[in-house]
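Same order as they appear, the protein sequences are chains A and B. For the first sequence, full-length UniProt numbering assigns the number 695 to the last residue and increments by one with no breaks. For the second sequence, full-length UniProt numbering assigns the number 695 to the last residue and increments by one with no breaks.
One copy or two, either will do: identical chains are not told apart, so a pair holds if it fits within one copy or between any two.
Quick list of in silico lysine-lysine cross-link-like pairs, BS3-like style, CA-CA up to 30 Å:
id, residue 1, residue 2
1, Lys79, Lys98
2, Lys643, Lys562
3, Lys493, Lys643
4, Lys565, Lys57
5, Lys57, Lys562
Honestly, the hints are just simulated from the structure, not real lab data.
The chain contents come next:
There are 2 protein chains.
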Amino acid sequence: MALAVEEQSLAIRAMAAADEISQRRLDRIASHLRATSLMKDEQLAAEVCAAAAKVSKRPVSVSVLTHLMAGGYPEDRQKVLDFFLKRPDLETPVEITKEQHRELAYKQLLAIVREAGVNPMKYLMEDPGQYFALLEAVGYIDMSLAIKLGVQFSLWGGSVVNLGTQKHRDKYLEGISTLRYPGCFAMTELHHGSNVQGIQTTATFDCMSDEFIINTPSEGATKWWIGNAAVHGKFATVFAQLCLPSPDSHLDTNMGVHAFIVPIRSLEDHAVLPGIEIRDCGYKVGLNGVDNGALRFHDVRIPRDNLLNRFGDVSRDGKYTSILPTINKRFAATLGELVGGRVGLAYGSVGVLKAAATIAIRYSLIRQQFGPPNQPEISILDYQSQQQKLMPLLSCAYAFHFATEYLVEKYGEMKKTHDDEVIADVHALSAGLKAYITSYTARALNTCRESCGGHGYAAVNRFGGLRNDHDIFQTFEGDNTVLLQQVAADLLKQYKAKFEGGALSVTWDYLRNSMGTYLSQTNPVVTHRDGHAHLRDPHFQLDAFQYRTARLLHTAALRLRKHSKRLGSFGAWNRCLNHLLTLAESHIESVILAKFIDAVDGCEDKDTKKVLNLVRDLYALDRIWKDIGTYRNQDYVAPNKAKAIHRLVEWLSFEVRGVAGSLVDGFAIPDSLLRAPIGLQSGQYSEYSHYVGFD
Amino acid sequence: MALAVEEQSLAIRAMAAADEISQRRLDRIASHLRATSLMKDEQLAAEVCAAAAKVSKRPVSVSVLTHLMAGGYPEDRQKVLDFFLKRPDLETPVEITKEQHRELAYKQLLAIVREAGVNPMKYLMEDPGQYFALLEAVGYIDMSLAIKLGVQFSLWGGSVVNLGTQKHRDKYLEGISTLRYPGCFAMTELHHGSNVQGIQTTATFDCMSDEFIINTPSEGATKWWIGNAAVHGKFATVFAQLCLPSPDSHLDTNMGVHAFIVPIRSLEDHAVLPGIEIRDCGYKVGLNGVDNGALRFHDVRIPRDNLLNRFGDVSRDGKYTSILPTINKRFAATLGELVGGRVGLAYGSVGVLKAAATIAIRYSLIRQQFGPPNQPEISILDYQSQQQKLMPLLSCAYAFHFATEYLVEKYGEMKKTHDDEVIADVHALSAGLKAYITSYTARALNTCRESCGGHGYAAVNRFGGLRNDHDIFQTFEGDNTVLLQQVAADLLKQYKAKFEGGALSVTWDYLRNSMGTYLSQTNPVVTHRDGHAHLRDPHFQLDAFQYRTARLLHTAALRLRKHSKRLGSFGAWNRCLNHLLTLAESHIESVILAKFIDAVDGCEDKDTKKVLNLVRDLYALDRIWKDIGTYRNQDYVAPNKAKAIHRLVEWLSFEVRGVAGSLVDGFAIPDSLLRAPIGLQSGQYSEYSHYVGFD
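Excised from the complex, chain A in its bound form (with noise of 0.2 Å):
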C-alpha cells in the first residue's frame, strides 16, 4: 500500500484558517508547486532553507564530545569492531530465521573467544568496565550475541565465581572461558521469574549416595526462558529449594533457594542425560540469536560437591552450615552477587538509545517535506513537533551516558573495596538506573521509529529489530516495575535512618538537605522568578528534582505508616505503590541530573560546554515540565513560572536543533555498525536505493 498518504491542501486550508488573506496564498503556492515539482533533487539539497527554518548553528567541537563521550577502553571496543569488520561471514543479515541465528550467535562468540583474542571472563572478573566495554560494542554488532555472551560469562560464569568456591572455580572456569563447557543459568520457572523465593524446583541431599536429587515437581517448576538450554548449553547452574531430610520426622528441612550445577549434556556427543527433559521455548519477539529453553529434571542425580558452596554448605553427613544466620540473609547474598547484570543492561540501553536518536536525526536533517510558500521544503527537524519527538530524546542520551559511567565506575570501586556502602549504593542505582533507562529507551525506539515515517519501517533502517531486541530489557534482570520499588525502599530506610540520626551513604546524601528545605516552606518570591538565568540554573534545577523527591519520600512515609495500621504492611505498600514508583523514578532523576551537571562542568571546551548546557537545560526542564501538575499542586511553581518553563523547553529544544547534527556525531558510531541506509553520514537516499537494488 502506498504510506503516508495525504492531503496538503488539507494542510494548507490549515494555515489559512489562521490567515486573513488565504486565497492570494493558496494561489502563490499553487504556482510554487508547479514551478517546484519537476526540480531536481540535487537542487532541493543545495538551497538553502527559508525563514521559518531558521537555524541557530553555535559553535561546537565534534572531536572534544566524541573525546567526552568516548568512554572507557576505546582500544579494546575497536579492537573487536576491526575484527567483525573483517569478517563480513559473522554479520547477522536483516531477515534471519531463528535457527540460521542461533548458530550464527554461537559462530560470532566463538569467534571472539578462540580468534579475536578476548577473554570475556577475565575481563569480567579482574576489570568489570573492560567487560562492559565489550558488551556494548558486541551490542552494536548484533545484540543477541551481547546477550549469548551475558549468559556464558556473567550469569553461567558469575554464578561459578561468584557463588561456588575455589574447587569450582578450578574445575570449570577454563573450560567455561573457552567456551568448552557452555552453560546457562537456570533460576526462572514457568510460575516464578520475579518472586525467585517462591520457585518449587527441589535439590534433596541423600545422605546414602552423597548425592543430590534435583527434581521439578509440578508444571509450574519447570525452568522457563533458560538462554543457552535449546541447543548449546552443556551445564546448567540449577536455583532450587535445597531439602534435608530430618532424622526426627518423615518431612525433609527447607534450607531455602541455592544454586548447582547440574550436567545436562553430555560433553561427548552432546545428547541430553538421563532425566532431563529440554524443550525449546521457540521464537521469541526479539533475540532470536539466544536459544531459550524448557528444562525439567526428573530424579538427577549430581555429586554434593556440586552445590556452590560460598554462602551456606552441607556436611557429608547432611548437616548444615553457614556463614550467614537466616534464609533471607544468604538469599540476599546469593542474588547480590549478581547486580553486575543489571549494570551491564542499564549501560547496554544507553548504547541502543544513542544508536535510534543517531538514525533519526540524521534522517530527519535530510528528509525535506512541506515549505513556506514560493520557497524550497524544509527539514522536518524544523519543524516544531519534530524536536518536541526528538530533542528530548537527544539530551536523554547524554544524561544517561554520564549517568551510566559513573555507575560502573561505582561498579568497580564495590568489587576491589567489597564496602558496604558502596554495595548499597550500587544495589540501588544499578536498580534504579537500569529500571529508569530501559524504559524510556523502549518508549525512544518508537518515537524514533514513528519520528521516521515509512523509511523508519523498513528493517534495513533498524528501528524493529533494536526495539524487539531491546523490549526485554524491561524485563529481564528484575522486572522495572519491581526494581523501582526495591529504590524506594531504599530511599525509604535512609528516611528512616535520618530521622534516627543515622548517617546517609553518599548518593542519597542530598535528601537531608532538601528535606531540609521541604520541612520548611517553599518561598513564594522564588516560586515566581521566572527569568532565563533563573531557570538554567543547574542549582535552581537541581533544587526542583530533589525537592519532589523529598516531598515524595515524606508523604510515601506517612501514607505507609497510616494504612499500615488497617492493611498491614503489605497491603500499605500497594496501597501506595503508584506513589512508591513514582518516588524512585523522581531520585534516579535526580541522580542522572546531578552526574550530568559534573560532567558539563568538567568540559573544558569553552563552545562545547556552551552547548552541552542547552542539553543539559533541556534534560532538567523537559521532566519539570512533563511533571509540571505536582509542581503546581504543591506551589513549588507559580503559574508564571510554569508557562516560562513550557516556552524555555521549546526555545532550548529548537537551539539544540540547530547543533543536533554535532551532537549525534558526537556518539561516534561508525557507519559500519550503524547500518542503517537513513542513518548514514552521508547519501543516504543512494545508500537506501542501493539497498534495494537500483544502480
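Knowing the structure of chain A, use the given hints to seat chain B on it.
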C-alpha cells in the same frame, strides 16, 4: 538467560522499612515460604486471595456486554472466521519467512474471494460498514492479510471506482473483484510521503500518439512502499504530475497531481513490462505478508483513456477540462475520496487494542507473584501498579469502540448522502480518530507486553507480532502528526466561522457552548467541588474536556494571529505546532467521551450499566489527571479537587479490576483467533507448556 531475576528479600525489606516490627515479620515470611514452596499449582489457584487483594466483584452480564460490543454484521464476520477455522492450511505460523508469508497472504486472499463466497469490492461499494466488519475480522486472522485486502480493494479498487468514470469500472471492476487483476496504489515516492503534491513522477500527454508518457525523472521520484508491487501486482494506479505541452512554449504546463492506470506486469506470463523497473522494498518491521516494492518508469506509454478522469480530463487535442476550478480543489477532491482507508485503520486499531488487552488482562489474573505474610501469592492484577497500567487501557478499548462505530456509521451516511457537512465532519473525524487511536494502541501494545513480563516476550503470545504489524498504522494513510494538524485546522475554521456568525457542524457544536463558559469566568465554587457524585457526573467530565479544547482553541487563534505578523502564516503555524497538536488531541478526546456517554446511556441492563459507568468515569478522569497541570494552571481545578481526582482514578482502577475479566470477555474474541496461550479463557499455563512440547 533467566528472565526477571529478582531479589524478593529486598522487596521484603522494602515493606519492612515502613514497618516497626520488621524482624518478626521476616521470620514469619520465611516460614511461610518453607511451608508453601512445594505446594501444588492447583491448590494455589484454588485458594482465595488474601486481605490485600480484596476484589470488588460487581454483578455484570457478559452477554449484555457482548451484545453491546458486537458491532455490525456479526454473521458476516462469523462466516469468514468459520471458513478459516476449517482451513488450518491457511493459518499463519508463529515464525515464517518473508517469501512464505507473502505467498500465504495471497493464498488467504484468494481463498476469501474465490472459496469463502465473500465479495469485498461489492461490500466496499454498496455497504462500507460490511466492508469494515470484514476487514476487522480478517485482521484477527493475519494483519498482513487485512492490509493486502485493503491494498487490492480500498486502494487499487477504490481509486478506479472513485477517481475513474464508468469506462474504467466497466473495464477493470470485475477483474479487481475476482483478483484476476491484482493491483497497486502508487502514490508515495522515495522523497515524498506526506507532501503528496510534491511528488515528481510525470505523465506527459503526447498528442501525436494520444498517449500519456510516464517517467521517473529522479531518484527521489521512485515510487516506494507500493503494496502488491514486489510480487503480485499486474496494474498500478500511478499518481503523477499531469504535464501538457504548451503550443506557444517549449515548456510543459503542469496541471497538478492526477491518477493513471499503468499495467506493470503481463497478464499472460506475469513478466515485468518494458520501461518498468521493479525492486523489492525488502524485509519490514512487520506486515511481511505484504509485498511492498519500488517502481521506476522510463517512457512508459499508456492510452489517454487510462487517466482516471472523474475530476479532470484531457481531450484528444490536448485540452484540459475539469469540473473543479483549481489545482488545489481537484487535489482535495482526488484525495478526499480515499478517506475510507483511515476509517478502516481506526477501526482495525481498536480490534488490535481489544486483543492485546484481553491477553494481558487474562494473564494478569492467573499470574500470581508475592503476597502478604502467611498467605498465598496474589494475582499481579491485584497490584496497584498493574491496575494503573491496564485498567485505563481497558477503558480506552471500550471508549474507542463506540467512537469508531459512530465513525463507520457517519462514513456510510456520507457515502449515501454526499452531504457537504457530513463530508467535512467525516474527514476531520476520521483523521483525528485514526491518529489518536493508532498512537494510543501503539503505546498500549508496549504496555501490555511489559505487563506480562517474560511470557509476554514469547512470539506465540502475540504482543510482538501485533506491535510490529500495527506500528505502521501510525504512518500510512496519513502520518498522525500531519492528520492532527488537519483536525486543528478544521477547529480553527469552525472558530472563525463562529465569530463570523456562521453555522457550526453538528460534531463541533459543543464548542459554541463551552466557549461561552470559557469566555465567562470559571466558578470558584465548582473548581473546589471534589465529591464523588460531582466528579463522576458525565456533565462535569465532558465540560472539563470541552473547556480545555475551547481554551486551547481560543489561545491558539490568538497566538497564530500574533506570530503570523512577523513569521508569516507558515512560520506562525510551526511556532504554535505543539499547541495545535494538543488542541487536536483534546478535541478528539472530547468526541470520544461524548460517544461513550451516549453508549452507556443506551445500555438497558441496570447492573451492566453501572459497570460501564465505572469504565467511562475511569476513561474521563484518568485523562483529566494525566493533564492535571493544564487544569491547575488555568485554575479550572483547585488543589483539593486535583487530589480527589487522583484518588478517584486509583479507586476506579481498583473497581474496574474487579470486573476486568468480564469486561474482556465482552469483546468476545474466540480463543481460536486470540491464539496466545497465556490469553486463553482457561488452562493457560498448560496450553503454554504444551506449545513448547511438553506432554
